[in-house]
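**Q** Each chain, letter by letter, is given below.
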Amino acid sequence: LFIAWDVTLEEDVRRELQKFVQDCLPGRNPGKTPIYLSVIEVGPKNEVEIVRTLQTIEDSQYFEVPKLGTEIGTTRSEMVDIDETIRKEMDRLNDQGKAQCLSPWLLVCLNRPSQTNWATIGKDIETVILDYSIGAELLNRDGLKHVMLSGVPILEKELKELKARIQNESKREPNTESATSLKPATSSSGSVAPSNKVKPGFVPPVARPNIVLSENTPVERVNREVAQPLTEIEPRLEVLVSREPSPLQTRTENLNKWLRRGKKSKRNIPRTRPPIVGIDKSEISKDIRSINGPIIIEAASRLNAVEWHTDGYTKLPEYGPAGDFICEIGNIDALRLVAGSIRGTKHKYYGDPNQDSFAISHNDKYLIVAVSDGVSSAKHSAYVSKFLTHSVVNSLKLDLSNATDNLNFSLKDQIQAATERASRLVLNWREGELYSPYEKSEEVGLRDLAATLTVLVITRQYDENGNRNVVVGFVGDSPCYVLDALDWEIKTAETKTGEVLEHGTKALPVASGDRVVLEWAEFAVKPQQVVLVMTDGIGTSLASGRSAVGKWLAPRIPRLRGPNVESVFSDMILFDRQGEDDDRTLVVIFDVNEMGQEAHGNGDSIRDQ
Amino acid sequence: MDFMSNQLTDSADVTGPLDGGLQVLPFYILCDESGSMAGASIDAVNDGIKQLFKALYADPVVDGKARVSIIAFSDTAQVVLPLSQLSNVPTVPGCTVRGSTSYSAAFKKLREQIDIDVPNLKAQGCSVMRPVVFFVSDGEPNPEPWEVEYRLLTDDAYKYRPHIISFGVDGANPDIIKQVATHVNRAGGKPFAWMAESGISAGPAITEIFKFITGTIISSGNAAEPVIIEADIPGVMKLDSI
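First to last, the sequence lines map onto chains Z and C. Numbering-wise, the working numbering puts 422 at position 422 of the first sequence, and it's gapless, one number per residue. So the mapping is simple: the working numbering equals the position in the second sequence, first residue as 1, plus 1000.
Don't read these hints as lab results, they were simulated from the structure. Any given hint could turn out to be false.
The calculated lysine-lysine pairs, modelled on BS3-like cross-linking and capped at a C-alpha distance of 27 Å, are [claimed, not checked]:
hint, chain 1, residue 1, chain 2, residue 2
1, C, K1178, C, K1238
2, Z, K440, Z, K526
3, Z, K19, Z, K145
4, C, K1122, Z, K491
5, Z, K365, Z, K315
6, C, K1159, Z, K379
7, Z, K145, Z, K157
8, C, K1054, C, K1159
9, C, K1159, Z, K157
10, Z, K397, Z, K365
11, C, K1178, C, K1211
12, C, K1238, Z, K19
13, Z, K491, Z, K440
14, C, K1238, Z, K315
15, C, K1178, Z, K315
16, Z, K157, Z, K88
17, Z, K19, Z, K157
18, Z, K315, Z, K163
19, C, K1159, C, K1108
20, C, K1050, C, K1159
21, Z, K160, C, K1054
22, Z, K365, Z, K491
23, C, K1050, Z, K157
24, Z, K163, C, K1054
25, Z, K379, C, K1211
26, Z, K315, Z, K397
27, C, K1050, Z, K160
28, Z, K526, Z, K379
29, Z, K19, C, K1159
30, C, K1108, Z, K491
31, C, K1178, C, K1122
32, C, K1122, C, K1108
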């Protein structure tokens, strides 16, 4: 049994592997054939290193689990390929004459996407790959089982199954099938008698013409000798086995062929750098995707480790629309707006709809954007977010038609009035009204109606200073950012920061008669700057911008200026990251002639992307 | 965005930005294992722990976010389960009865653990939500100034102060159970405290309480923030309604 494991595996996984090996100990595994174990580590750069040579597992030999993050590449000089390692170990054992190896097993446990071609390694070895690296494609060939893991229970199940298979195999009588099949029959004088018992279709192993075999010749030596390549078949060899080969026998023969082949040439296994996504712009072309397609940032989520069409996943909501992907793209003068919303993986898993919403409108002076995030614990939050956003932008489109140049004062008043109106109107709906709840409005309490709201109004034209002016009114934690080259600046209060994150957020509607309290942000936007409004499905992980998501997203924004904008944008908003399962809404506004033309931040210029 | 408080929110002690790590919700079950819990009560606790494990194993969304610790207390307090993702725990722990009922030891141990756990999670790059504690007791506290340790745990000056949801059964003092519960940040801001109805034996009441705890953890993990489910607990009543 060869175990090849990734040194970056988490402790709980390594603990399971250790338990698995201990369960194979002779005391717990009363098989007739002893199990020999070798441990190989796969390092951070996919280099491999044998850390335990092939030897029997004795009760006293509890092997040590390497510490997390062992740097093989920097602390050990020798790097070998896995199949070469296995071949050497098998040869060594055979040469010692101590044991006759049956077909080995290879258990590979991976933690990161690997470009090593595992399908070609140990091709004739029964291989099980347990894989946490979500970006990897499932491998498929005979004798190989590739399992994508999503938790310790699945790992336990697979290890249990593997253990049962190994134990079952080890309970076979040694030298009854594979060994006997290769054992030559000898006459009393030591010469090999011709065979007349070989059935058609069975190709017997052959031996060197000059080999001298006797009854005392160790079986393993016979095996080694007959494994040597020949130029012609020596007919003096009799094979005792005259029946169809068993699967074990076939595998053993395949192993011998493989060992023989391996001595001629060393297979060239490509080595790859560790796939890390989202560090700088040079990484863009090296995106690693989850099994369902989204690009992985840092670590993959477990929900995206399962194909979306798997039973029990990606449920349609009882009351739609599901809102799995909604997108709006368009031009207003030199302004470009790309907006979209997706249903979070947790809502897909539970069969809930996308509770986020956004709405866009414009008149001859302003572009108006509203973004809302429905509160999960409120039963009808999906309706509230839709109503609030559409109501507010439609009101403002009309109300701002006569707005004066007294930007700050009038805009804030208009936003306040539109929000209060929406907060009031959302409490009552007519039966059958579009997207309205299935319950009557008089039967629904305030606790089942809750959503954040962020309203942004931006001038279409530049002012005398060459800037556009922006006013943002918001209730709750759907933030607004300005991106300048690679530098993020949050313009609305961060609601999820601190020593520990606080529970709760402000939400609308307010109780009838109460005043809506909006918070405000007012700022000027330079031509090359990008304005973004989003829900906390992105905002919480974007945080200050000095985050993995911030570093990943910033260099991608200028791509929205190019072709295939729908595809580019869907990659941005659908990213996969551990723990990120909420609905996401993102609105990006930029000047198509100016974005990326001048770098003001600390990062590199993104002009050439 | 989840936990609702229409136009009402707690003030966060903003001391610096957290850079968008994995959001985790720490839950602590602070459970009485004093001598009076012997028999059906402790069996119900241990069965409730098993059911909690089973429920979280089955839900990948919640399991990914919830971290659970179990601290049992009597004369002293001991960590039965360190703060863990339950799918990573190979064996289900249990409580055993011993000694008397020291609330002081319980609150002191809880604060010590929170002081270890939250920085650990943050060091791993996680964004940690304010911890939530489920306090379960069946008796009056020892005659000791337990309020001192309680204040140290719940004082606004303590940056990791948890929300405490309390449950009393059998011989617990309703006034003290109510006193232990903290104001959870939600509309109305009421503390959440429950007491088994008189005549209801401790075992069945604890079974129902653990069902409620499991439901709350599931709802909260789904919502990414604590959500106190509104369902009634059979045989147990809210203390503000007494």
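**Q** Honestly, which of those hints from before does the structure not fit?
**A** 2, 5, 6, 8, 9, 12, 13, 14, 15, 16, 18, 20, 26, 28, 29, 30 and 31
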